[in-house]
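K.L.:
Next come the chains, spelled out residue by residue.
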Amino acid sequence: MRLRRELYGLAASMSVDLDFSKSYFELFGLPESFEIDTAQLAERYRTLQATLHPDRFASASDQERRLSVQGASWINEAYETLKVPLSRARYLLTLKGVDFNADKDTASDPAFLMQQIELREQLEEVDTQPDPFSALDQISRAIRERNLELQEQFAGAYAADELETARQAVLKMQFFNRLFDELRRKEEKLEETLM
Amino acid sequence: MALLQISEPGMSTKPHEHRLAAGIDLGTTNSLVATVRSGSPVTLTDEEGRYLLPSVVRYLSDGGAVVGFEARQAAAEDPLNTIASIKRLMGRGREDVKTLAGRLPYHFVDTEAKVPRIHTAAGDLTAMQISADILRVLKQRAEESLGGDLTGVVITVPAYFDDAQRQATKDAATLAGLNVFRLLNEPTAAAVAYGLDQGGEGIIAVYDLGGGTFDISLLRLNKGVFEVLSTGGDSALGGDDFDHAVAEWMIEQLGITDTSDPKLMRRILNAAHEAKLALTDHEETMVSVELENGVSRELIISRSQMNELIDPLISKTIMACRRALRDAGVATEDVLDVVMVGGSTRVPRVRERIGEFFGKPPLVDIDPDQVVAIGAAIQADILAGNKPDEEMLLLDVIPLSLGIETMGGLVEKIIPRNTTIPVARAQEFTTFKDGQTAMSIHVIQGEREVVDECRSLARFALRDIPPLVAGAARIRVTFQVDADGLLNVEAREETTGASASVEVKPSYGLTDSEIEHMLKDSMAHARDDMQARALREQQVEAERVIEAIEAALRTDGAELLNEQEMAHIESARDALRQARQGDDMEAIKQAIKAVEVASEEYVARRMNKSVQSMMAGHKVEEFE
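Line order of the protein sequences matches chains A and B. The numbering of the first sequence is my numbering, which starts it at 1 and goes up by one. The numbering of the second sequence is my numbering, which starts it at 1 and goes up by one.
Derived from the structure by calculation, the hints contain no laboratory data. Hints may be right or wrong, so weigh each one.
To be verified - Below are the DSSO-like pairs computed for lysine-lysine, each with C-alpha atoms no more than 27 Å apart in a straight line:
1) K83/A / K96/A
2) K593/B / K83/A
3) K609/B / K22/A
4) K316/B / K189/A
5) K360/B / K98/B
6) K98/B / K114/B
7) K186/A / K413/B
8) K83/A / K609/B
9) K413/B / K387/B
10) K387/B / K223/B
11) K589/B / K520/B
12) K520/B / K593/B
13) K316/B / K186/A
14) K387/B / K98/B
15) K413/B / K520/B
16) K114/B / K413/B
17) K83/A / K413/B
18) K360/B / K316/B
19) K114/B / K505/B
20) K413/B / K189/A
21) K520/B / K505/B
22) K114/B / K520/B
23) K433/B / K413/B
24) K609/B / K223/B
As the list claims (entries may be wrong) - Selected chain A positions facing chain B (Cβ under 10 Å, derived; list incomplete):
25) Q63
26) P110
27) A111
What the hints assert, rightly or not - Residues on chain B that point at chain A, a partial pick, calculated with CB under 7 Å:
28) F181
29) V364
30) L383
31) D389
32) L393
33) T420
34) P422
35) D482
36) E600
37) V603
38) M607
39) N608
40) S610
Glycine is no exception: its CB is placed at the ideal position from the N, C-alpha and C atoms.
Only chain B is shown next, with the shape it has when bound in the complex (with noise of 0.2 Å):
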């Protein structure tokens, strides 16, 4: 572990065995994973030598799904049960899906659940179960091809993702059973796996339009950390939209009036795709689709054609690039280079387009399709421990102001857009009825004033506060954001110094006990080496834990601990080691909580020790 590290260089210890990581790009239309693989990051191909996997789940009636090509190539004949670009429901509500249901052809299932459920042969999912179907078959790849289980992964988000949006990705990743090191946000990624080859020092812009999404980042890269100034983008623009307005041109070029058959929606969206790809090439090309008569229409599609359905929503990333660099406090001359991420970005009105824009031809060396897992993939492999002596350092933003809901439905920004994360901020609360002993807090996220206008994060109830006068308690709510961009939230009544207990219930996300439930359903269909694969986790868990509490006492223990609180902590990694040898699960998940709580105040007196030698260094170096 890092902290070990830094505290004695010298020492040796046991010699990590390599840690299996992986970085996984989630995306709306294609997945990718990657992993470094002596010293240097690839990405992962299926038996083929594929390395992207089609977004795309098919449902069949006996309950199983095939995700990837196949299942593409199926879209057009069984629209209803393969289900393509669910990232774009993940983190929605009910209310979303309205706004975005016309475009997806799928059978939602009217209930009156937050969280919208997709009807399918093999029954309602939630986009959350869909896009695990996805993971599944990423996490199974990467330890096929790595021959062994994954430690853990990083996975990619847009930066503009929500936390809504991002808890349902984190919540798809247990559901497929992968343990996730840290949600990275795509620019950054692709930022990670430019900035390494170039080695160059400056600000640069990532621009990144995937299948649905946009997101642009304006990063700046010093001596090995990047820190993220700024970013901005639309979680529900990108190539798809790019698809749509072709798609519509071609409809009304058909003279089609009736669109209610599936089938003929999708065949036309397909072909729509396809000149879209033809014209990277070409100036015009001829797409064929068969309408329902069976009978088969031809039309010519031009490139100025194209720009012109185009070219507003192209308009549109670059508003929010304009934004994007105000927050930043940089004009366009200020930027060293553009980097180009996601297959849309191929189309050549995008790259004229951007390039007249910021001044300067984009960078498209690294195939964009790749380059987001790859950085992923490098993260994955520090995280994991693999190199305790790496330097890089990724300091990330939260995209969306976060506020409360107070009087009148307006919102108070609690912690601006663009404020580098983990954060906190705390808020002082109080009651206004005699003996209240509950509270709830509406958290919001968004940049406009009113409540309405923005986007509902979650409910807090906070109960539990000791009964006081009204206006008498001082409830300290702390506002936490960690490093993967998600809220916590904790509260404490000052004058008791109670801590009230808190409650969440998300907006658009599903409730623990859902998620469990979920979770159980899924262990009793696997093989039975599920579990025996679960022991193995914990006793390995086990081992580590015990690794690291004796390296941190032969480092720092005598000086750290007294003879008592050195034997408590001893005393727990013993029966840590008991229980390890047995195959009882639960055993060892206690006894390894055991040991974490004998020594909460040996690590934080590690931590502060940390932090003292580092500013003392700084302090020696004043005085030479």
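So here's chain A without its partners, still in its complex pose (with noise of 0.2 Å):
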């Protein structure tokens, strides 16, 4: 607690920060796309925390400790929004300008929210099925392969600046992220019944 605060009270003394003015993809070298080298990404990311973890700054003095776990703490934020596409396909979009507002955002497209609805439906009803860890995986991978469609949809889109479509195509996709997060949740309850 002491450490905390003296770091803490350091910290509001010194307000010099480091420079976060580039964007994800310049701070890699990478081109501003959606297709990405990932293991180029994922080796530039290694190089950058080689510089900049607190580990490497473990002995030296409190201001550069608190530098480093600040621009450490960048880039891995940089890191993993680049390295998943749809966190990599929204980040493209913001860097273009476009806004994404939580309240006013849905998807208007009618055959998706079927689609969604029937989803939920067959994840609500996967307790009763006789093999529900079986029925847990068709849906799985029916959310996987939408994802793939949409990642593609968003491809093409963004390539034609075509904005608002790329835009829907990302709303789809957390659509489809929120439903994963929640059959994950369920696998685990399945899961911890068993035991």
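Take each chain as given, in its own frame, and dock them per the hints.
P.N.:
Here it is in structure tokens:
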């Protein structure tokens, strides 16, 4: 607790920060596009962390340690964002000035909504299935397939600068993401009851 | 310091003295200290050549404490003053004690304090203080063995330890007079110890079953970079529970109905522990227990009987393994090797079932008792700055999701579990009353959606919010988890740019003033040369700061600073040099701070430049 307080006290008095103005793509020296060389991304991530990670500053001044935690956190955030297709897609759009407003965002496509409702129902009924785990696997596969389709949709729309279509694709992917989280939670609960 | 080396590899600076560092495994049952000597990591032993230090402390009525084997021997005859498995109580609150207390035959002081205290002959003590007593012995062992003061240590904690448990560990170290470079997760430490031997690339699973905690971690090793993919476990499940399962069976077999005598319970527990150890090498064993009336009874227990008793516990660990695999997005087939850590992995049934689960026999080459301390020693050596060219990098993760309480007792996750640390996430809040100047945020750790099913971490009170119309304030709260896995919170009101002050009220920890009080107390009882030592430490620190700033200025001072800025830094350095000659500890401390403040802009420029040149290096490669 003391250390925590001390660190905070120092942070309050020292307001100098690292330069975070680069985009994540610039940071990793990669072109701003949806297609990405994940191996290169991983390698550059490791190189950057090798420079800034707090372990490199364990014996350094308080100021350097504080900056290193900031810098390493920023690099981690950048890496997480670019590593996953959904967050990468969303980030690309925010770089183009597209807004994502949680309150107003709904996917407007009725066919899509129907699909969501169906999948949700299937998920709820999993408990009553004779083999719940394989039922979950099926739904999981369906979600994965749809995600891949949406990624392709996004890639096409983004390349053609059709930002609203691209945005819709991202919103739909977000829906599936949430559904996938629920599926995971369900899987965990099922496993616990089996134990 | 590492930064200097990267900027100017050819540049010679004053050669660093080898800094004394050590790795400490503060275990539930046993603790160890290790160090790197002549390039090799070794565990350090006591005068009788034993590297284990039983995590048992016996308190005497004269206020003294005995730690280790001697204390453990006294456990049966003095159970209320001989504290074992204190790790189970670190970072735990009053409520937790009620669930755990049944297992631990100690006398808990019934007060209103959040942090439980155990009543002993030497006073009412917190888990943190008791752990500090163990750490002090290890510190002394290291310093005697190495012939000097320790610059710092790496202390390991179960990967699954939450913020309160980690903070308690760090506080214990502070109380024991140790400078902690890093809190390192035990499975990662084990991977470090193994990784360097194997030199391989791939995914490894570390199955760590200690006395009181279980951890499963999945790591990817790639060219010296250890990247934790996921971690899971149970901070209240370990070999001790195997003992308890066997002990309960024994109580039943012996027909004992009165379990109120702590000495008898301790004797039965000891017998169960002995039986467990014996059954590692034998199919059957006999134990003898002295009952209340002085009569001894014998019991025969077979390995298959014990297996039946411990199977449910092993199943719990397998469930955690499944979850960790899922979190990492890998299947058992993808795992290259399974590493066993912790004395309890010697139990044949454990090796059998885990081997079965992962589809391959687990690795047990390195002594499971020493492997964690060895890994910690390796990292301590690097963090002390003894190996500036070392490529090894540990990228660990936060084990539990961090969230905040929202309306209706729900949890909103801010940082999900298995996020690589350090990490910072920001969340915006606003006021709901006109002129509101304060706000409280309740931070939780856990995976559930309801606050009551998660673990409360702390309440952060934000004050000095500029009074605005309700809903107009935009308070940006940044949750920062550092490389030790500890949370820091900062708050700023965006429209005015004012920083809100943050007061931390930990749910299960001690307040700053309580800790300071303890520190002062421990200083008062110490010998006079504690004072001299504190002064010496400041002088050494002053020298390091001077050396570092001078080396930095030589490297790129002219490039990054104008004359005025350079003069400003140099004058602060001169003032520090002056202060260092004297013996006013406070003056030296202030002078060090002054140098840091004077050079803060410069330091930031150097780090930015470092990042730039890293990227520039890559751009050049692309054109080749």
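K.L.:
Quick one: which hint numbers does this structure break? Sort them smallest to largest.
P.N.:
2, 5, 9, 14, 15, 26, 27, 29 and 31
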